[in-house]
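Participant: So the sequences go chain by chain: U and G.
Residue numbering for the first sequence is 1 to 433, as defined by this note's numbering.
Residue numbering for the second sequence is 434 to 890, as defined by this note's numbering.
One thing to keep in mind: the hints can contain errors.
As the list claims (entries may be wrong) - Below, simulated BS3-like cross-link-like pairs (lysine-lysine); rule was C-alpha separation at most 27 angstroms, straight line: (1) Lys376/U with Lys583/G; (2) Lys557/G with Lys361/U; (3) Lys818/G with Lys302/U; (4) Lys302/U with Lys811/G; (5) Lys557/G with Lys376/U; (6) Lys116/U with Lys811/G; (7) Lys583/G with Lys377/U; (8) Lys811/G with Lys557/G.
Treat the hints as calculated values from the structure; they're not laboratory data.
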Amino acid sequence: MIARILALVLALAAAPALAIPEIQHWTTGNGARVYFVHAPELPLVDVQIAFDAGSARDGDRHGLALLTNGLLAEGAGEWNADAIAARFEGVGAAFGNDAGRDMATVGLRSLTDTTKLEQAVATLEAIVERPTFPVDAFERERSRLLVAIERRAQDPGAQADLAFYRALYGDHPYAHPPGGEKATVAALTRDDLIAFYRRFYVARNAVVAIVGALDRKEAEALAERLTDQLPSGEPAPPLPPVPDLESGREVRIDFPSTQAHVLMGQPGVYRGDPDYFPLFVGNQILGGAALVSRIFDEVREKRGLAYSAYSYFRPMRRRGPFTAGLQTRNEQAGQALEVLRETIARFVAEGPTEAELAAAKANLVGGFPLRIDTNKKILGYVTMIGFYGMPLDYLQRFTERVQAVTLEEVRDAFTRRLHPDRMVTVVVGRSEE
Amino acid sequence: MLRLVPLLLFALTACATHPPRPTAPDASAAAGPVHERVLANGLKVIVKEDHRAPVVVSQIWYKVGSSYEHDGITGISHVLEHMMFKGTKRHPGGEFSHIVAENGGRENAFTGRDYTAYFQTLAKDRLAISFELEADRMRGLLLDPEEFAKEVQVVMEERRMRTEDNPQALTGEHFQAVAYLTSPYHWPIIGWMNDLEHLTVDDLRAWYDMWYRPNNATVVVVGDVDPEEVFALAEKYYGPLKAAPIPEVKPRREAAQRGERRVTVRAPARLPYVIMGWKAPALGRADADWEPYAMEVLAAVLDGGLSARLETELVRARRIAASIGTGYDLYTPRREVLTIAGTPAPGHSVDDLVAAVEAQIERLKTEPVASHELARVKAQVVAGKVYERDSMFYQAMQIGMMETLGYGWRVLDEYLERIEAVTPEQIQAVARKYLVRERRTVAVLEPQSTARTGDAR
Numbered sequence: 001m002i003a004r005i006l007a008l009v010l011a012l013a014a015a016p017a018l019a020i021p022e023i024q025h026w027t028t029g030n031g032a033r034v035y036f037v038h039a040p041e042l043p044l045v046d047v048q049i050a051f052d053a054g055s056a057r058d059g060d061r062h063g064l065a066l067l068t069n070g071l072l073a074e075g076a077g078e079w080n081a082d083a084i085a086a087r088f089e090g091v092g093a094a095f096g097n098d099a100g101r102d103m104a105t106v107g108l109r110s111l112t113d114t115t116k117l118e119q120a121v122a123t124l125e126a127i128v129e130r131p132t133f134p135v136d137a138f139e140r141e142r143s144r145l146l147v148a149i150e151r152r153a154q155d156p157g158a159q160a161d162l163a164f165y166r167a168l169y170g171d172h173p174y175a176h177p178p179g180g181e182k183a184t185v186a187a188l189t190r191d192d193l194i195a196f197y198r199r200f201y202v203a204r205n206a207v208v209a210i211v212g213a214l215d216r217k218e219a220e221a222l223a224e225r226l227t228d229q230l231p232s233g234e235p236a237p238p239l240p241p242v243p244d245l246e247s248g249r250e251v252r253i254d255f256p257s258t259q260a261h262v263l264m265g266q267p268g269v270y271r272g273d274p275d276y277f278p279l280f281v282g283n284q285i286l287g288g289a290a291l292v293s294r295i296f297d298e299v300r301e302k303r304g305l306a307y308s309a310y311s312y313f314r315p316m317r318r319r320g321p322f323t324a325g326l327q328t329r330n331e332q333a334g335q336a337l338e339v340l341r342e343t344i345a346r347f348v349a350e351g352p353t354e355a356e357l358a359a360a361k362a363n364l365v366g367g368f369p370l371r372i373d374t375n376k377k378i379l380g381y382v383t384m385i386g387f388y389g390m391p392l393d394y395l396q397r398f399t400e401r402v403q404a405v406t407l408e409e410v411r412d413a414f415t416r417r418l419h420p421d422r423m424v425t426v427v428v429g430r431s432e433e
Numbered sequence: 434m435l436r437l438v439p440l441l442l443f444a445l446t447a448c449a450t451h452p453p454r455p456t457a458p459d460a461s462a463a464a465g466p467v468h469e470r471v472l473a474n475g476l477k478v479i480v481k482e483d484h485r486a487p488v489v490v491s492q493i494w495y496k497v498g499s500s501y502e503h504d505g506i507t508g509i510s511h512v513l514e515h516m517m518f519k520g521t522k523r524h525p526g527g528e529f530s531h532i533v534a535e536n537g538g539r540e541n542a543f544t545g546r547d548y549t550a551y552f553q554t555l556a557k558d559r560l561a562i563s564f565e566l567e568a569d570r571m572r573g574l575l576l577d578p579e580e581f582a583k584e585v586q587v588v589m590e591e592r593r594m595r596t597e598d599n600p601q602a603l604t605g606e607h608f609q610a611v612a613y614l615t616s617p618y619h620w621p622i623i624g625w626m627n628d629l630e631h632l633t634v635d636d637l638r639a640w641y642d643m644w645y646r647p648n649n650a651t652v653v654v655v656g657d658v659d660p661e662e663v664f665a666l667a668e669k670y671y672g673p674l675k676a677a678p679i680p681e682v683k684p685r686r687e688a689a690q691r692g693e694r695r696v697t698v699r700a701p702a703r704l705p706y707v708i709m710g711w712k713a714p715a716l717g718r719a720d721a722d723w724e725p726y727a728m729e730v731l732a733a734v735l736d737g738g739l740s741a742r743l744e745t746e747l748v749r750a751r752r753i754a755a756s757i758g759t760g761y762d763l764y765t766p767r768r769e770v771l772t773i774a775g776t777p778a779p780g781h782s783v784d785d786l787v788a789a790v791e792a793q794i795e796r797l798k799t800e801p802v803a804s805h806e807l808a809r810v811k812a813q814v815v816a817g818k819v820y821e822r823d824s825m826f827y828q829a830m831q832i833g834m835m836e837t838l839g840y841g842w843r844v845l846d847e848y849l850e851r852i853e854a855v856t857p858e859q860i861q862a863v864a865r866k867y868l869v870r871e872r873r874t875v876a877v878l879e880p881q882s883t884a885r886t887g888d889a890r
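With the rest of the complex left out, here is chain G (with noise of 0.2 angstroms):
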């Protein structure tokens, strides 16, 4: 439960980034002043006050991902993201970035299914000059060709390194191609290798104009600021952008699924993995609200941590899995799906973990989650929306990834109550409607030598 941040690409990071661990601590809002204005042009522009250094972090989503994508072009919102590096008439070539960094600046982006975002960390006296960086990109965008052909070379490394090497990566986009057939959720965030080998700088521009306008944007401040002030550098920097209409995508919703789907994935490793997934509603699209919000606490009776069923269980008492999580997002409009994947122990096989799963998801359904569970799941919540509060980052984050997803930041505030409110009941409800075999697919990882010596001595 509890994890916010589903699959990101992070375009600039020197190092892989480790997806977070699924007992990250909470997805709730902190208590604080937000304050919201729109621009006449469309831009939204939220501010979080946090007075405790001196520091202000600068974000700009747009509603753009790669589920606005279609076939033949996938991966094209990320490699955007990277060319959003490459300069513009008035900051050519690399000079956005030496500017950020002169100010002692730290920036990337990140570009996942339903968003891509732009930040900065900054001294709080040098917001305007995030602003004044990201009104200039985001239409004075030069797209050079020939820059446009490295950076598509380091977007198929960036593949190279997080997937086709990366054997439990490469079961996880199988498994989501597999669960996903007729969604846009079906290819990777960075796109499949044959779409990276054809995509043009036209087929870039095209996007950009697309996409790239206040009214598509949301900016988010957090930091020791003044709202209004922040509000008056917005309007200044952003103020003269020119709206325009935005395409409206088409929902594409997934077919209705018919039996279990498997697949298996051959591919150089010395480890078997296995995940399980079933179609389960999030926020907004179940037949009722609090059913994604019992899903969620379902998730963390299982996998909120040490003391949850899983690691107890499967990990600790019964040796069957060497590790084991589950992944669950009540905040995705379309990735709807519960996950649970982990490695068998030295002396089970992938089937024996299978079924001790399986044991684990009958018993939600029969038998109510003991009060001690819910107590803990509840103090972990409480405790989060207190911990988070030492990241403006995390809070930044939290508030624009709500408003660009359409659930609004308010959401956040509800969190804490709802999920109070689940009952052993309901948990129960949800395991019976949702996690039944009509609904699951399963990706199997099934090791390839990996053909030579080395650490194994």
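Excised from the complex, chain U in its bound form (with noise of 0.2 angstroms):
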């Protein structure tokens, strides 16, 4: 079997020619960034805006970014929902806006066509620098995410995460779900969400990532107008660091539901991490691959005991979560969750192979034009690469950074870094007596 893998692999090493996006960067009059790949195939342009306004900076008032952000379309300028919605739709533009805990976002999708850009980014330009956060609208939103968090509240997966998270980050600003929870939602007002934007809507606390068929003076032209009315304002402070779990915890959720869902982890790494790349690469072997890594096959291939189980980390300003995850029917949870607590430890005290690294690094490098061979993904990338100041060439070196990782890296990286004996544990599921 591995002989033939590799007699295909090898046949195949010489990559063809990829053009890796040049991303062009500066900060506009009043502080903003800007991070810009011309992109001339298409006659299309995306633009995102990301504020430094996601859910950590709720404070108590836990789901005000993700209202404030969700306010922005509902009236703005001398528009209400209605001509908003109408006038992007109306020359076929997406605009589409969204707040996690790190970050909140808006943006646009748009043919270049002048009038429709124009008609377009006049809209946008509005929704980012005059919303006016309608009573009525305030008080429809509030009630629609009232209703979603009822919906959360019926699925057993949504539960876990949010049980997980809580433990996970305890005092902290990343512990609560953006969406807050049903009494500190009902508590909002309109004047907390005026605040709200006020504070972090503004130049120095936002990115502009701009992908498409635009040259340099052009995507200046947009960021500047996106953003000019903005006032330069300040970034927002410092995050507080996320401290070590003392011990592990474990969380039972009776929920009526016929599998149980378990979430296993603890803080793993932020954006920036010196260890990100060695535990990105052995994550791949442990839990990161779609079909072929250790936690897939111990748990669904040799067992059939889950349609889904993985492990990742998530990279956030400060350290995000790792996660491992299965969901399995009650009865054989208690198994499945020791096959995932087993293959984790085995994972963190041996390393890989060196065969699993060497197969994990051609994944990665082999698959890295798959990550930017559309508009959307590089504008991914960009953002991302903007907002948490990675460096400019982060794509350029991506695969030279994957290459360069050694056994004994991983290897490391996870001895220090993952510790089996403190992990949150959570199952949410028909208890078992």
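Each chain sits in its own coordinate frame; assemble them with the hints.
Facilitator: In structure tokens form, the structure reads like this:
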């Protein structure tokens, strides 16, 4: 088996020429950072503005960041929600917004046709710079967020996720979900949103990412236009570091589902973490690679215990979670959890084999072109690089950094950073009695 | 509208995929040269050049899916899709996926009601790997009984995750089963649990031998390739496979509906949910060819974005719906239905929501759609044709699906023109003809206590 795999791999060692996007970077007059990739092939442009205004900035008003972000397109300048939607969709533009724990974004995909782009950009500009937070829209969207919280409460996977973050992060601002909780959302006021907007939707707290068929001058004008009426303001203050877990902890939640949802993990890596590449490459072997990881093999291939079984590091501004998970029918939750636990413990104790490491690197290096084969994917990278202040040549150096990872580095990083005896375990499902 | 991808099951994704939003960009083919060839054994090969990135998408589509099945073996096409990753004589065990992974590829497979498809995305110089592996497993599958015993358990876990523990999906399954009494669209793609429990490896072997033949498949390649080189590679790897007679599938047309149907689903949940659906013909099955396109535009008028009627009126202005969406797919040979599904806003009942939707339907029948609404739909279609070119995968998916459903990929090129030709009168006509109570099915989720605390603090 291995011989045949190697023969196929070696036959194709010469990689095709790949144009890795060059990221141009500048700062607008009032301090917004701009990251631009010129992509002339298709007559379209994607632009996304990321503010350091995610739910980690909620304070004790959980849900504030998400609701603020959600209200932006509900009224801006002279337009109400109907007019805003009609202005985008009337020119075939697609508007999107979202808020996670770190980042709150607004974005647009539009044709570059001058008239259409002008209408879409003028609308986006108003949304970013002149939102009006109409009272009726505020009440409606708060009520819809409460419905979303109810929907979350009927989803065992979402319940596991909530409990996992709470146990992992304790008092840290990453602990609560971006959607907030019933009580905190019900208590939000329109003034809270306006104050949050004024504090965090400012130029020096913004990153503008642009990918598309614009030239540099056009991109500069676009970025300037989308931010020039924002106050310069101040960047958001640093978030507190994430403390280590002092001990392992198990959380069990009784839920009337046929399956138990199992999550295990601990605080993992931050963007720019020096251990990132050894952990990222190592995790491909442990549970990151689709269909061929150790966790997939032990849980699904060898035992048929679950449909989905995985692990990942989610790098964030501060240490995001390392998460391993699966879902299995209630009766075999104990067995599946044991397999998961042992697979992680063994990997941390022994590290990967040379063959596994070579295979993981071959996958990441050989598959690199697939990471940047659409404008959408490139926009994602550009936003990430800008928001987290990663080097502009991150993409250029990606494969070289993967290649440089050694067996010893993987073993060392996993031993220092993952502690199988001090993990959070969450099981949501029917209790065994 | 504009939702090309109907319900699919991905065999191997690590996470549940979200259903496509009803406002997903459009369903038409991008400009660009498409080349087509049929090998002597009947395998059709379609190549579309796209030179934006040194990448190639390779898909193979088989004409088999849950609508080819019958009672007692429901879900077999999807289980077989899972087993296709479990080894051949030449590449035993999980070697297939290891080879793809070590070549930097991404792969998966999906089963629908009318097709089963497998794909790899690779650097452009590695297309041969995809062809070698796919040709090998088209005829060389081992179907080991022990592997089957484990994998069918995996599929049952998948069913628990997607359906049993998801009250809205459970409601959808009941809707489908009641709306379709005699057609094979009656059962879910993943199959009934009891059928999964009684599948055997011999059932799978028979199913595999029946459908996995070159003359029942279409290979679609989109990427930075030279078509002649692709055809030569296809000849090399797929050429030696032998054709065989493919069984004829009985039509099993749905018997005429004689009055409204209603079904209630009681399941652990916190929110009510309702699905309303009206039988409405798909392309190729309507009295006139313009009808499905008129229905497509009608669906977009209701729900083609945030400026469409349901969002504007039911969600924003009247606050009767917390969320609502419309589904219609003009490219389904047998699942002919327009659905509207939603959750009432707090303070409103399912009945309120149903009444509000009925009023919207009535309005479609009595009042011509405004020109600015049609202009918006058209602008979205025009833009969508450009946006979709950002994804080679999506382009390949459209071609493969149209071929496998029997429409042929050229139907995609007609889309814009046919949509532009739709008139307000035609929309009124299809609303009056099809969106009537006699053709309607309503499924209602009645939440039962989730009997727990947890999140509701």
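Participant: Now tell me, hint by hint, if it's right for this structure.
Facilitator: Against the structure, the hints:
Distance hint between Lys376/U and Lys583/G is unfulfilled; the C-alpha atoms sit about 38 angstroms from each other, more than 27 angstroms. In summary, the hint linking Lys557/G to Lys361/U is supported, as the alpha carbons are separated by about 19 angstroms, within the 27 angstroms threshold. About 44 angstroms separates the Cα atoms of Lys818/G and Lys302/U, which puts this hinted pair outside 27 angstroms; it is violated. With a C-alpha separation of about 51 angstroms, the suggested pair Lys302/U and Lys811/G falls outside the 27 angstroms cut-off, and the hint is violated.
Note on Lys557/G and Lys376/U: the hinted pairing holds, with a Cα-Cα distance of about 20 angstroms set against a maximum of 27 angstroms. A threshold of 27 angstroms between alpha carbons decides the hint, and for Lys116/U with Lys811/G the separation of about 13 angstroms falls inside it, so the pair holds. For the hint linking Lys583/G to Lys377/U, the alpha-carbon distance of about 36 angstroms lies beyond 27 angstroms, and the restraint is violated. Straight-line distance between C-alpha atoms of Lys811/G and Lys557/G comes to about 35 angstroms, which puts the hinted pair past the 27 angstroms bound.
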